[in-house]
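Participant: One letter stands for each residue in the lines below.
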Amino acid sequence: MGFEALAAILAVLSLIVALGTIIGWFEDLESDAGSQSNPNSQVQLAPQVGVLHRIYNKAISGEPVSWGLIGVTSGMLFSILWYGFHLHPLIAVVASCTFTMFVHLSLAVSAFLGRTSGVKVFGQPLFLDVAAVNLPLIAAHGFIGSTAIVALSYIFYVSFFRFEGLLGYPVPIPILGFLLGVMAGAIGSSTGDIHYGAERQFQQYPFGEGVPSKNFGHITIKAEAGWRTSADITYFCAKYGGPMAGLCYGLILLLDSLRLLAGNFTTSLVGLAFGGLIIVGLFATNRYLEKSARRKFGAYA
Amino acid sequence: MMDINLMVTVLILIAVGGVLIALGVFFIPVGGAPAAMSTATGVATGCEMIVVGAGVTGLFMAATLYNQFLPLVIVTAGVSSAIMMGVTMLILNLIVVYGVGAPLSFARKEYDPITKEHVKPYVTPGTVGHGIPTATYLGGLFGAFLAGLGGALTFSVMYRFTCGAGMAEMLGVLAQTSPNVAAIALSAITAVGAYLINANITAYSIRGVIESWIDPKFEAVPRTLAACFSASLLFGILIVLASMTI
Numbered sequence: 000m001g002f003e004a005l006a007a008i009l010a011v012l013s014l015i016v017a018l019g020t021i022i023g024w025f026e027d028l029e030s031d032a033g034s035q036s037n038p039n040s041q042v043q044l045a046p047q048v049g050v051l052h053r054i055y056n057k058a059i060s061g062e063p064v065s066w067g068l069i070g071v072t073s074g075m076l077f078s079i080l081w082y083g084f085h086l087h088p089l090i091a092v093v094a095s096c097t098f099t100m101f102v103h104l105s106l107a108v109s110a111f112l113g114r115t116s117g118v119k120v121f122g123q124p125l126f127l128d129v130a131a132v133n134l135p136l137i138a139a140h141g142f143i144g145s146t147a148i149v150a151l152s153y154i155f156y157v158s159f160f161r162f163e164g165l166l167g168y169p170v171p172i173p174i175l176g177f178l179l180g181v182m183a184g185a186i187g188s189s190t191g192d193i194h195y196g197a198e199r200q201f202q203q204y205p206f207g208e209g210v211p212s213k214n215f216g217h218i219t220i221k222a223e224a225g226w227r228t229s230a231d232i233t234y235f236c237a238k239y240g241g242p243m244a245g246l247c248y249g250l251i252l253l254l255d256s257l258r259l260l261a262g263n264f265t266t267s268l269v270g271l272a273f274g275g276l277i278i279v280g281l282f283a284t285n286r287y288l289e290k291s292a293r294r295k296f297g298a299y300a
Numbered sequence: 000m001m002d003i004n005l006m007v008t009v010l011i012l013i014a015v016g017g018v019l020i021a022l023g024v025f026f027i028p029v030g031g032a033p034a035a036m037s038t039a040t041g042v043a044t045g046c047e048m049i050v051v052g053a054g055v056t057g058l059f060m061a062a063t064l065y066n067q068f069l070p071l072v073i074v075t076a077g078v079s080s081a082i083m084m085g086v087t088m089l090i091l092n093l094i095v096v097y098g099v100g101a102p103l104s105f106a107r108k109e110y111d112p113i114t115k116e117h118v119k120p121y122v123t124p125g126t127v128g129h130g131i132p133t134a135t136y137l138g139g140l141f142g143a144f145l146a147g148l149g150g151a152l153t154f155s156v157m158y159r160f161t162c163g164a165g166m167a168e169m170l171g172v173l174a175q176t177s178p179n180v181a182a183i184a185l186s187a188i189t190a191v192g193a194y195l196i197n198a199n200i201t202a203y204s205i206r207g208v209i210e211s212w213i214d215p216k217f218e219a220v221p222r223t224l225a226a227c228f229s230a231s232l233l234f235g236i237l238i239v240l241a242s243m244t245i
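For the record, the sequence lines run as chains A and B.
Going by numbering that gives the first Met the number 0, the residue at position 166 of the first sequence is 165; the numbering climbs one at a time, nothing skipped.
Going by numbering that gives the first Met the number 0, the residue at position 185 of the second sequence is 184; the numbering climbs one at a time, nothing skipped.
In short, the hints are calculated from the structure, not lab data.
The beta carbon of each residue, even a glycine, is placed where N, CA and C say it ideally should be.
Mixed in with the good hints there might be a few duds.
Here are some chain A residues pointing at chain B (derived, C-beta under 8 angstroms) [to be verified]: (1) Arg53; (2) His85; (3) Glu198; (4) Gln203; (5) Gly207; (6) Gly275; (7) Ile278.
In silico DSSO-like links for lysine-lysine, alpha-carbon gap of 27 angstroms or less [to be verified]: (8) A:Lys221 x A:Lys238; (9) A:Lys238 x A:Lys295; (10) B:Lys108 x A:Lys213; (11) A:Lys213 x A:Lys119; (12) A:Lys290 x B:Lys115; (13) B:Lys216 x A:Lys295; (14) A:Lys213 x B:Lys115; (15) B:Lys119 x A:Lys290; (16) B:Lys216 x B:Lys119; (17) A:Lys221 x A:Lys119; (18) A:Lys295 x B:Lys108; (19) B:Lys115 x A:Lys295; (20) A:Lys238 x B:Lys115; (21) B:Lys115 x B:Lys216; (22) B:Lys108 x B:Lys216; (23) A:Lys213 x B:Lys119; (24) B:Lys108 x B:Lys119; (25) A:Lys238 x A:Lys290.
Listing some non-contacts, in silico: residues in chain A with all C-beta distances to chain B over 12 angstroms [unchecked claim]: (26) Phe2; (27) Leu14; (28) Gln47; (29) Ile79; (30) Leu89; (31) Val93; (32) Gly117; (33) Phe121; (34) Val132; (35) Leu134; (36) Phe155; (37) Val210; (38) Pro211; (39) Ala222; (40) Ile277.
Work out the full structure: start from the sequences and follow the hints.
Facilitator: Next up, the structure:
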């Protein structure tokens, strides 16, 4: 293999990792903006314990399902426009994701109205300005996330046939969009949400501890100035939770693609051994993190 | 005329794949919504969701290695799933440690069975642990590996069956030089279906949350595996019938 072909493969790999990082990052922030993540249980519980709030709540399904829907909708439209109508891929990505954004918005609005009217008996008002302020935020994050998903699906699909199986996956773009969306949801929901649920949502309690069950529902409703809205939450989580979810997604794509490349350039067994090495490295890093955290933080008195 | 032996082999392999997925779910530390508030230990999402998320990485790998030796394909895909799970759990721990400021711990046992360290004092009073300590981290890696094996087995067997492979090609190397994209689409949907069905049955059995192999709920394994075997067999019959129409 020539130097140029190798350079092209590495360039595509870096593009894949960059797009993956964007997907994870914006997926997590979109879920924080709409409280779609696991912490939505607290937003929904708060009025029942007498804590009325101005936080957007649009959780009617898990994040993976919701992002699978976004991925498959945009991927399917992209395939139709690109493969069927022979549009340029860049135009097809924008057109398909714009349409997906409207689907996403209609779900977000109906879910917000439904979830909030469900707790009306506890005195929770339905603030229409909350919807007006937060909807553009949700739409923007959803749009960027779905654009990255479709672009990544396209790159995976095309590079598999272009590089003769060295990089990429031979999965049709709509299915790839669905699977990448589900994966993004699973990652965002299991990593980035903790920053929202355990820290931002319970900020009036001391830093450095998990949330005891007795505090459930007593979420922070006052912001740095005035009432807290979902935009404040997104602003905070964009500093650590979101980027870490992005790092997670990017790291998975990087390690897995590196392993695929290692296997393709040598033999499959070498790729397998390389995978084992990566797992041992991850385990060792986790063990170091565990030990250092216990040493630095100490036990609870 | 369809080869009846081949069809029975496919059904049994799909059922075995379902059993592997179910067993994998038992090993993955699932904390559900309380884990997102650092009230419980484990991965902060539902077990179906994290299993599908981890399995997808394995499916991609199995799709890329569509024509290689079957055992090699499924083991490679299993390692892919384990990598995904390992990275996710590591980043989760980074957020718990630096974003929430809590050390990794669980309250189920006084000592970590792997490292023999005293973990109970690091649990916030009023919670049952946070993050994923070493014992459950290892369980998560192994569980994702098993689930990845099961999903990739379902995927590869379904792909080869749809492409019209014989018994030798089914279990060995597939003589194909370019992938059949329509068959990959069908097989990917089948594998995601297998993940959801088996993870869901297991989720009832573990009542939504489990702390990997140190949890007493682990005793429910034989019953659940039997249930998953029969459910996957039924699912296999339906999907094999559906694939004949292609």
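Participant: All the hints need checking, so say for each whether the structure fits it.
Facilitator: Hint-by-hint comparison with the structure:
For Arg53 (chain A), the shortest C-beta to C-beta distance to chain B is roughly 20 angstroms, which exceeds 8 angstroms, and the interface hint is violated. With 8 angstroms as the threshold, the beta carbon of His85 (chain A) stays out of range of chain B, its nearest partner Cβ sitting at about 18 angstroms, so the hint is violated. Taking 8 angstroms as the C-beta contact cut-off toward chain B, the hint placing Glu198 (chain A) at the interface holds, the least distance being around 5 angstroms. Interface hint at Gln203 (chain A): violated, since its Cβ lies 14 angstroms from the closest Cβ of chain B, which is beyond the 8 angstroms cut-off.
The interface hint given for Gly207 (chain A) is met, as the beta carbon of that residue sits about 4 angstroms from the closest beta carbon of chain B, less than 8 angstroms. A hinted interface residue such as Gly275 (chain A) counts as satisfied when its beta carbon comes closer than 8 angstroms to some beta carbon of chain B; here the least separation is about 7 angstroms, so the hint holds. Satisfaction of the interface hint for Ile278 (chain A) is found here, the shortest Cβ-Cβ separation to chain B being roughly 6 angstroms, below the 8 angstroms cut-off. Restraint check for Lys221 (chain A) and Lys238 (chain A): the C-alpha separation of about 19 angstroms stays at or below 27 angstroms, so the hint holds.
In summary, the hint linking Lys238 (chain A) to Lys295 (chain A) is supported, as the alpha carbons are separated by about 23 angstroms, within the 27 angstroms threshold. For the suggested pair Lys108 (chain B) and Lys213 (chain A), the alpha carbons sit about 22 angstroms apart, so the restraint of at most 27 angstroms is met. For the suggested pair Lys213 (chain A) and Lys119 (chain A), the alpha carbons sit about 23 angstroms apart, so the restraint of at most 27 angstroms is met. With a C-alpha separation of about 13 angstroms, the suggested pair Lys290 (chain A) and Lys115 (chain B) falls inside the 27 angstroms cut-off, and the hint holds.
As the CA atoms of Lys216 (chain B) and Lys295 (chain A) are separated by approximately 33 angstroms, the hinted pair breaks the 27 angstroms bound. For the hint linking Lys213 (chain A) to Lys115 (chain B), the alpha-carbon distance of about 31 angstroms lies beyond 27 angstroms, and the restraint is violated. As the CA atoms of Lys119 (chain B) and Lys290 (chain A) are separated by approximately 14 angstroms, the hinted pair is consistent with the 27 angstroms bound. A C-alpha spacing of about 20 angstroms is found between Lys216 (chain B) and Lys119 (chain B), which places the hinted pair at or below 27 angstroms, so the restraint holds.
Only pairs whose Cα atoms come within 27 angstroms are accepted, and Lys221 (chain A) paired with Lys119 (chain A) is accepted, the gap being roughly 21 angstroms. With a C-alpha separation of about 22 angstroms, the suggested pairing of Lys295 (chain A) with Lys108 (chain B) holds against the 27 angstroms cut-off. Under the criterion of a C-alpha separation no larger than 27 angstroms, the hint pairing Lys115 (chain B) with Lys295 (chain A) is consistent with the structure, at around 19 angstroms. With a CA separation close to 36 angstroms, the supplied pair Lys238 (chain A) and Lys115 (chain B) exceeds the 27 angstroms bound.
For the proposed pair Lys115 (chain B) and Lys216 (chain B), the alpha carbon gap of about 22 angstroms is at most 27 angstroms, so the pair holds. In summary, the hint linking Lys108 (chain B) to Lys216 (chain B) is supported, as the alpha carbons are separated by about 14 angstroms, within the 27 angstroms threshold. Between Lys213 (chain A) and Lys119 (chain B) the alpha-carbon distance is near 20 angstroms, which keeps this suggested pair within the 27 angstroms criterion. About 7 angstroms separates the Cα atoms of Lys108 (chain B) and Lys119 (chain B), which keeps this hinted pair within 27 angstroms; it holds.
The suggested pairing of Lys238 (chain A) with Lys290 (chain A) holds, with an alpha-carbon distance near 25 angstroms, which does not exceed 27 angstroms. The beta carbon of Phe2 (chain A) sits about 24 angstroms from the closest Cβ of chain B, which is more than 12 angstroms, so the claim that it is off the interface holds. For Leu14 (chain A), the condition that its CB be more than 12 angstroms from all CB atoms of chain B holds, with the nearest at approximately 17 angstroms. Every CB of chain B is more than 12 angstroms from the CB of Gln47 (chain A) (nearest about 15 angstroms), matching its label as outside the interface.
At roughly 15 angstroms from the closest C-beta of chain B, the C-beta of Ile79 (chain A) stays outside 12 angstroms, upholding its exclusion from the interface. A cut-off of 12 angstroms between C-beta atoms confirms that Leu89 (chain A) is not in contact with chain B; the least separation is 23 angstroms. Consistency note on Val93 (chain A): stated as away from chain B, and its beta-carbon is indeed over 12 angstroms from all of that chain's, at 25 angstroms minimum. Every C-beta of chain B lies more than 12 angstroms from that of Gly117 (chain A), the closest at about 17 angstroms, which supports listing it as non-interface.
At roughly 20 angstroms from the closest C-beta of chain B, the C-beta of Phe121 (chain A) stays outside 12 angstroms, upholding its exclusion from the interface. Annotated as non-interface, Val132 (chain A) keeps its C-beta farther than 12 angstroms from every C-beta of chain B; the closest such distance is 25 angstroms. For Leu134 (chain A), the non-interface assignment is confirmed: its Cβ lies about 24 angstroms from the closest Cβ of chain B, beyond the 12 angstroms cut-off. Once the 12 angstroms rule is applied to beta carbons, Phe155 (chain A) is inconsistent with being away from chain B; the minimum gap is 8 angstroms.
The beta carbon of Val210 (chain A) is not kept farther than 12 angstroms from every beta carbon of chain B, the shortest such distance being approximately 4 angstroms. Not every CB of chain B is more than 12 angstroms from the CB of Pro211 (chain A) (nearest about 3 angstroms), against its label as outside the interface. At the 12 angstroms boundary, the C-beta of Ala222 (chain A) stays outside the reach of chain B, the nearest C-beta of that chain being 19 angstroms off. Some Cβ of chain B comes within 12 angstroms of the Cβ of Ile277 (chain A); the nearest lies about 6 angstroms off, and the non-interface call is violated.
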